[in-house]
Amino acid sequence: MPASIFSALCSRFGEQLFHEQLTRDETPTIWTPQGKIVPVLEYLRSEADQPYRMLYDLTAIDERAGKSKYNGTCEFTLVYHLFSFERNAFLRLKVALRGEFPSTPSITHIWPSANWYEREVFDMFGIRFEGHPLLRRILMPTTWEGHPLRKEHPARATEMGPFRLFPEKEDREQEALQFNPEEWGLRRQSDDSDFMFLNIGPQHPGTHGVLRIILQLDGEDIVDAVPDIGFHHRGAEKMGERQSWHTYIPYTDRIDYLGGVNNNLAYLLSVEKLAGIHIPQRAEVIRVMLCELFRIASHLVWYGTFAQDVGQLSPVFYMFTDREKIFNIIEAVCGGRMHPNWFRIGGVAQDLPQGWDKLVREFVQYFPKKLKEYDKMVMRNAIFKARTVGIGVFSLEEAIDWGATGPNLRACGMDWDMRKKRPYSGYEQYEFDIPTGRNGDCYDRAVVRVQEMWESLRIIEQCLNNMPEGPYKSDHPLATPPVKQYTMQDIETLIHHFLHVSWGPVIPNGEAMIVTEATKGWNSYYLTSDGNTAPYRVRVRTPSFAHMQMIPYISRGYTVADLLSILGAMDYVLADIDR
Amino acid sequence: MEAQYWWIIGGVLFVLLNTAAGLIWLERRMLALWQDRYGPNRAGPFGILIVLADTLKLFFKEDWIPPFADKVVFVFAPAVVVASVLMAFAVVPFGPGIVVADMNIGVLFFLAMSSLGVYSIVLGGWASNNKYALLGAMRGASQMISYEVFMGLALMGPVILSGTFNLSGIVEAQRGMWYIFPQLLGFVIFFIAGIAETHRLPFDIPEAESELVAGFHSEYSGMKFGMFFIGEYLGITLISSMIVTLYFGGWLGPAFLPGVIWFVLKTFVFIMVFILLRASMPRPRYDQLMEYGWKVLFPLSLLNLLGTAAVKLFIDK
Chain A
0 MPASIFSALC
10 SRFGEQLFHE
20 QLTRDETPTI
30 WTPQGKIVPV
40 LEYLRSEADQ
50 PYRMLYDLTA
60 IDERAGKSKY
70 NGTCEFTLVY
80 HLFSFERNAF
90 LRLKVALRGE
100 FPSTPSITHI
110 WPSANWYERE
120 VFDMFGIRFE
130 GHPLLRRILM
140 PTTWEGHPLR
150 KEHPARATEM
160 GPFRLFPEKE
170 DREQEALQFN
180 PEEWGLRRQS
190 DDSDFMFLNI
200 GPQHPGTHGV
210 LRIILQLDGE
220 DIVDAVPDIG
230 FHHRGAEKMG
240 ERQSWHTYIP
250 YTDRIDYLGG
260 VNNNLAYLLS
270 VEKLAGIHIP
280 QRAEVIRVML
290 CELFRIASHL
300 VWYGTFAQDV
310 GQLSPVFYMF
320 TDREKIFNII
330 EAVCGGRMHP
340 NWFRIGGVAQ
350 DLPQGWDKLV
360 REFVQYFPKK
370 LKEYDKMVMR
380 NAIFKARTVG
390 IGVFSLEEAI
400 DWGATGPNLR
410 ACGMDWDMRK
420 KRPYSGYEQY
430 EFDIPTGRNG
440 DCYDRAVVRV
450 QEMWESLRII
460 EQCLNNMPEG
470 PYKSDHPLAT
480 PPVKQYTMQD
490 IETLIHHFLH
500 VSWGPVIPNG
510 EAMIVTEATK
520 GWNSYYLTSD
530 GNTAPYRVRV
540 RTPSFAHMQM
550 IPYISRGYTV
560 ADLLSILGAM
570 DYVLADIDR
Chain B
0 MEAQYWWIIG
10 GVLFVLLNTA
20 AGLIWLERRM
30 LALWQDRYGP
40 NRAGPFGILI
50 VLADTLKLFF
60 KEDWIPPFAD
70 KVVFVFAPAV
80 VVASVLMAFA
90 VVPFGPGIVV
100 ADMNIGVLFF
110 LAMSSLGVYS
120 IVLGGWASNN
130 KYALLGAMRG
140 ASQMISYEVF
150 MGLALMGPVI
160 LSGTFNLSGI
170 VEAQRGMWYI
180 FPQLLGFVIF
190 FIAGIAETHR
200 LPFDIPEAES
210 ELVAGFHSEY
220 SGMKFGMFFI
230 GEYLGITLIS
240 SMIVTLYFGG
250 WLGPAFLPGV
260 IWFVLKTFVF
270 IMVFILLRAS
280 MPRPRYDQLM
290 EYGWKVLFPL
300 SLLNLLGTAA
310 VKLFIDK
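Those sequence lines, one after another, are chains A and B. Here the first sequence stands for residues 0 to 578, where the numbers follow numbering that gives the first Met the number 0. Here the second sequence stands for residues 0 to 316, where the numbers follow numbering that gives the first Met the number 0.
Calculated from the structure, these hints are not laboratory results. Be careful, since some hints might not be right.
Stated by the list, open to error - When the alpha-carbon atoms are kept at most 20 Å apart in a straight line, the in silico SDA-like pairs for lysine to any residue are as follows:
1) A:K368 / A:K420
2) A:K324 / B:V187
3) A:K324 / A:F366
4) A:K369 / B:W33
5) B:K294 / A:D217
6) B:K294 / B:V187
7) B:K130 / A:T558
8) B:K130 / A:P204
9) B:K130 / A:G218
10) A:K384 / B:D35
11) B:K130 / A:P180
12) A:K368 / B:L288
13) A:K371 / B:A20
14) B:K130 / A:P201
15) A:K384 / B:Y291
16) A:K420 / A:V392
17) A:K35 / A:E85
18) B:K130 / A:D217
19) A:K324 / B:D35
20) B:K130 / A:M378
21) A:K369 / B:L264
22) B:K130 / A:K93
What the hints assert, rightly or not - If you anchor each label on the Cβ, the simulated ranges turn out as follows:
23) A:G334 / B:A42: 56 to 64 Å
24) B:P44 / A:R135: 36 to 44 Å
25) A:N198 / B:F13: 39 to 47 Å
26) B:V72 / A:N327: 35 to 43 Å
27) B:F255 / A:R360: 40 to 48 Å
28) B:L51 / A:G334: 39 to 47 Å
29) B:L48 / A:V363: 51 to 59 Å
30) A:Q428 / B:W293: 55 to 63 Å
31) A:A381 / B:F75: 38 to 46 Å
As the list claims (entries may be wrong) - In silico contact screen, one side only, chain B against chain A (beta carbon under 7 Å); selected entries:
32) Q34
33) D35
34) S145
35) E208
36) S209
37) A278
38) P281
39) A309
40) K311
Glycine is no exception: its CB is placed at the ideal position from the N, C-alpha and C atoms.
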């Protein structure tokens, strides 16, 4: 398959234009000349045999520093990740950009979802996209100087000099906060009415975090909605470049802060791919079990808050009580709760504690009864249905166009679950179904998530009954930290232990990306290593970013109250959007 | 005679205001009970002094009027809700002879006063000069005015049956049979309209927390917010006591307890229903509420009125 798309491109556009790069994750990676990228993408999306319909990710790499192989041949690399459902394959297109502040054609006319990705690349790297409808900063404040992911931009506060807020600067900052509809591409009035602009957020009980949505209202009807994100931006990608491969794990916990170890897994799968580590079976099963427990915990938070968004006050209390029961298990196993930081390069931090099976079994027996109760309380409630059925509808084509993944994609009727279709961490050994919806409305998205909790429960039960014996961490030299008992007998391991803990492990050159089915959709870490103790570039592709971008598209024409249903059903986490 | 009136007025005021304050505690405790948590349980026995603590806190808060608000109206609005609800209580017969003003147009007076309550929402929302408050006020105005209609029409059932607008008369007329039986439909309509009138969940659309932050009273704080708060609980008490008066025989009950006690007991049952509703129901959308009102409740209340009148005429013949 990989060869075929390369040869298809060559036969279509000419032999010499492209060249293929070998990567660790074996994703076909094709260097494309800048001038040809737009027709190539157009071809891949619609004309190619088994087309690549989804723009999964778009990012850039600053190649000017370090021992990067491409240092000197180009200053920046643009990386397009496409996905083809027919082929079940990713495709990575790379474009070499020359110059300090390069510019390149925008592809927003091919994929609407490219809009925010291009804005992010502009914000982070200063790369301009010609023909972009509204190329403004997306994560950083408009007054920010510099582009954070460029290598010359400081990563530590101590590199930046003391912060001072002079009166002129304060005025400038205040001025920048003034709301000006034209800046956001909004009109103040139509032919027959003046619009009202309503800020939902940044502090609002219905947004589940610091998110601002500018609503252009005609009465209570939404004419347009413009999400303003970035309030939760903590520079997780930049931090990756100065943390060792090992010490970055806790940062991943905090990306989708409801997903816990699911984030660890997405990151570590890529690291382990780069390092060529195989995980012992017991560690894999432990990982799966914890991931599924966290999936239920995350879905429970969504379930309760969604019910609350449509005005139901009580379910959230019951669901948080159940989530607490999951956290009791997690606490017994990991010591942590929301941010367990528990997976390690090559396995997990510790073996399961004694009596873990009793805890898990109790939960597996207890939870189905509660799920049935919630079904009666929420899903079959007539008012709840009236608020969610037929609201925020998008079709399967629209979902793919906008890069919607996970339960939101499945609610449109496609049974695409990465755990089944591209299994990782041994998911192919488990029996579970992929729940799907039909109509792609808020209610179906809810149905899919509720069903997923049942399926997760099934997976947990299988983990419980078939937990293999054996080591919980690989004995690969790059497993960090190495298994303690070996360090007592073996000088090599002792040295590794010392170096990995003080400097961090050196992960071999290359790049890798493993896409996982996280709680909210596809999550992946596209890691580039230049053979150092820290990644050269960490790209965190999160599902919520793509989902949030859809909000304006699917909320036009609905009312303010519907917007809350739509937001609730999307199931996003602000840290997952802003990183 | 004169002194007796003052005793009744003073007693009613005292009991009502304390009930409203007590309801805040009661609701928080009951919600907590139904939601698997504790609720306020620290101040005083079972946390009942929380109300006192809250009131003190509200009194000591800065009496803040936003600079962009319309000051006079902003201050005036919260007073309207409390005043109008308290006025409406004037016609409620709490027991045989225990009524502030035994008017022969009691039912109409109640309707008039509860309609005035909408001014509080509209003026408060408008004077706040805040978009959330404005949206809340608009929703509140249309919701309350619409539901006023069905409420009035449903009320006509007991009036036709008893042949009087006097509330004490209506209670007396229920000696043979409570009006809940012949007027079941009317009761349901009145109850639903009553929830909308007090804008409580599921019809708390004017303040819809997850959408409009706090709706029409977003800008209010301190004791002015306290007035809206007390007004809401007084409203619940008022609607509950009206339900009891019109459909559940008012103070009537077996003789081993005095009439007032029966009245209070029955009223508390309905207050608890209000609280239970809040614990269990989601909130419909604003247009769904209006649609439900005009397309379902309105025809039903007309039907109820026609039916009741026809039956009454037939029996009287």
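Hint check results:
| no. | hint | verdict |
| --- | --- | --- |
| 1 | A:K368 / A:K420 | violated (30 Å) |
| 2 | A:K324 / B:V187 | violated (41 Å) |
| 3 | A:K324 / A:F366 | holds (10 Å) |
| 4 | A:K369 / B:W33 | holds (15 Å) |
| 5 | B:K294 / A:D217 | violated (25 Å) |
| 6 | B:K294 / B:V187 | holds (16 Å) |
| 7 | B:K130 / A:T558 | holds (15 Å) |
| 8 | B:K130 / A:P204 | holds (16 Å) |
| 9 | B:K130 / A:G218 | holds (11 Å) |
| 10 | A:K384 / B:D35 | violated (25 Å) |
| 11 | B:K130 / A:P180 | holds (16 Å) |
| 12 | A:K368 / B:L288 | violated (33 Å) |
| 13 | A:K371 / B:A20 | violated (38 Å) |
| 14 | B:K130 / A:P201 | holds (15 Å) |
| 15 | A:K384 / B:Y291 | holds (15 Å) |
| 16 | A:K420 / A:V392 | violated (25 Å) |
| 17 | A:K35 / A:E85 | violated (24 Å) |
| 18 | B:K130 / A:D217 | holds (13 Å) |
| 19 | A:K324 / B:D35 | holds (14 Å) |
| 20 | B:K130 / A:M378 | violated (32 Å) |
| 21 | A:K369 / B:L264 | violated (35 Å) |
| 22 | B:K130 / A:K93 | violated (47 Å) |
| 23 | A:G334 / B:A42: 56 to 64 Å | violated (36 Å) |
| 24 | B:P44 / A:R135: 36 to 44 Å | violated (59 Å) |
| 25 | A:N198 / B:F13: 39 to 47 Å | holds (44 Å) |
| 26 | B:V72 / A:N327: 35 to 43 Å | violated (53 Å) |
| 27 | B:F255 / A:R360: 40 to 48 Å | violated (55 Å) |
| 28 | B:L51 / A:G334: 39 to 47 Å | holds (43 Å) |
| 29 | B:L48 / A:V363: 51 to 59 Å | violated (44 Å) |
| 30 | A:Q428 / B:W293: 55 to 63 Å | holds (58 Å) |
| 31 | A:A381 / B:F75: 38 to 46 Å | holds (40 Å) |
| 32 | Q34 | holds (4 Å) |
| 33 | D35 | holds (6 Å) |
| 34 | S145 | violated (16 Å) |
| 35 | E208 | holds (6 Å) |
| 36 | S209 | holds (4 Å) |
| 37 | A278 | holds (5 Å) |
| 38 | P281 | holds (4 Å) |
| 39 | A309 | violated (32 Å) |
| 40 | K311 | violated (34 Å) |
In summary, the numbered hints that this structure violates are 1, 2, 5, 10, 12, 13, 16, 17, 20, 21, 22, 23, 24, 26, 27, 29, 34, 39, 40.
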